[in-house]
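Asks: Residues per chain, in single letters:
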Amino acid sequence: MGIRERLSGNEAVAYAMKQINPDVMGAFPITPSTEIPQYFSTYVDNGEVDTEFIAVESEHSAMSTCIGAEAAGCRAISATSSCGLCYMTEMLYVAASDRLPITLAVSCRALSGPININNDHSDAMGVRDCGWLMLFAETNQEAYDNYLQAMRIGEAVSLPIMICQDGFITSHAIENIELVETEKVKEFVGEYKPQHFLLNKDEPMAVGAYATPVYYMEAKRQQAQAMMDAKEVIKKVGAEFAAMTGREYGLIEKYMMDDAEEAIIIIGSSAGTAKEAIQNLRAQGKKVGLIKIRSFRPFPAEDIAEALKNVKAFAAMDKDDSFNAHCGPIFAETAAALYAAGISAPKGINYIYGLGGRDVRVESIEHVFAELEKVAATGETGETYRYLDVRE
Amino acid sequence: MSHLAKDMTPSVTWKDITPGCNIFEGGTSVTVETGDWRTMKPVIDWDKCKQCLLCAPVCPDMSIPVGADGKRGDFDYFFCKGCGICANACPFGAITMVKDEK
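Same order as they appear, the protein sequences are chains A and B. In this text, residue positions in the first sequence follow our numbering: the first is 6, and each later residue adds one. In this text, residue positions in the second sequence follow our numbering: the first is 5, and each later residue adds one.
No lab work stands behind these hints: they were computed from the structure. Built from N, CA and C at the ideal position, the CB exists for glycine as well. Heads up, a few of these hints could be off.
What the hints assert, rightly or not - Straight-line Cα separation of at most 16 Å, EDC-like style, residue types lysine to aspartate or glutamate; simulated pairs: (1) LYS54(B) x ASP73(B); (2) LYS240(A) x GLU253(A); (3) LYS85(B) x ASP40(B); (4) LYS23(A) x ASP55(A); (5) LYS259(A) x GLU180(A); (6) LYS240(A) x ASP308(A); (7) LYS225(A) x ASP80(B); (8) LYS206(A) x GLU29(B); (9) LYS19(B) x GLU196(A); (10) LYS45(B) x GLU105(B); (11) LYS225(A) x ASP134(A); (12) LYS19(B) x GLU223(A).
As the list claims (entries may be wrong) - Looking from chain A toward chain B, a few residues come up when the C-beta cut is under 10 Å (computed): (13) SER102; (14) ARG104; (15) ILE179; (16) GLU183; (17) HIS201; (18) GLU208; (19) ALA211; (20) THR217; (21) MET222; (22) ALA224; (23) LYS225; (24) GLN227; (25) ALA229.
If we strip away everything but chain A, and leave its shape as in the complex, we get (with noise of 0.2 Å):
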């Protein structure tokens, strides 16, 4: 039984980074983020951890502070949010193609402009194609435990690894967690020890090579073949979590899903507000299911496909926009995976919602299934690329 407690999910992830004790983080602060480097400085303050902590003067320079110090074969931490993220993004594809597995919180907030520091997943989203592992969690006790098997999961890989939050709903929101004791967690995660690294002195090392054409592709295959590994990895750790403290992660979540006609995809909180609406609607004798993406990258499509075959139909919910004039990233590669699998009979259609902390309420969800319902019954999905609750 683990120690009980409320946190926010911020303190949470601060909490974990105590347990785990790394060796360097590297952090500028950016609203909804700023928390975790701030409490996790106060344990470096009160000597609770003996972790180097470099305050820089800016996001791009944090991650290159990480990318440094886990070539040099440390442990490296950091957490952001929003244009932070986009700051980074040139330093976290050089992480993820230096095979660097840095752990990196992300509490999720809306890109500019207009300017906005709400919760949506712009920022993640924006940068999905990084080359970074990425772990979503529906509360603080996700957020938590999804900190916990991250570096397991990088480290086996060798990928860079971020844990993202929905910022303020799920960073800010205290709630009821269960943590687990610290000499569980240092067992559980383990000591980092790289087969290859900077401080070395018996193997000197160069990272960060120019590779020419005829070896840049190969490199990229490698990294290619990394992500896909990873997808069983996240499994194993998941189990091994499991076993520890009872709680069960996988790459997808399934609510309701044996008998589901209607289904709706999702990511982050406002899986909690759909279930609410599946328990209300499952009360009135309907059909309906959910999935919920844990793990975007490495992107879940055998196990997504497998879930969706027998409904009748799905929304993905997107809450950002790819500004494509078509669909959002989740509806996307939802597609991708029924059609890489031979699957065409479910009917589709995309929501964006919850743009720039724009409330999702139970009816929000409820007005999805309402016209998932539709589609279902006429097998005419009319317009797929469809915003939800804004003003007409």
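Could you slot chain B onto chain A? The hints should help.
Replies: Just chain B now, kept in the frame of chain A:
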């Protein structure tokens, strides 16, 4: 999987290339032929060369070796990129830039 620069050849496969193209030894730049970027190459006329050594220190790639006897030797075409700075620096017109036929 080898981790040495000598094994990073154009035939290395994606399974055998090192993660991030990292190299696990030092001083490997001496093994990489950067002279193949060259289009023009400097040629020295030893009859005109006075061994004044104004050329050697201005070479950005240390491709003009100076021996223990204090005299310059021929160009190191393994690294020389044909920039022509040496030809400009020579007061005696001893260095001529010619097209590098490959």
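Asks: Go through the numbered hints given earlier and state which of them the structure violates, listing their numbers in rising order.
Replies: Going through the list in order, the structure violates hints 5, 7, 9, 15, 16 and respects the others.
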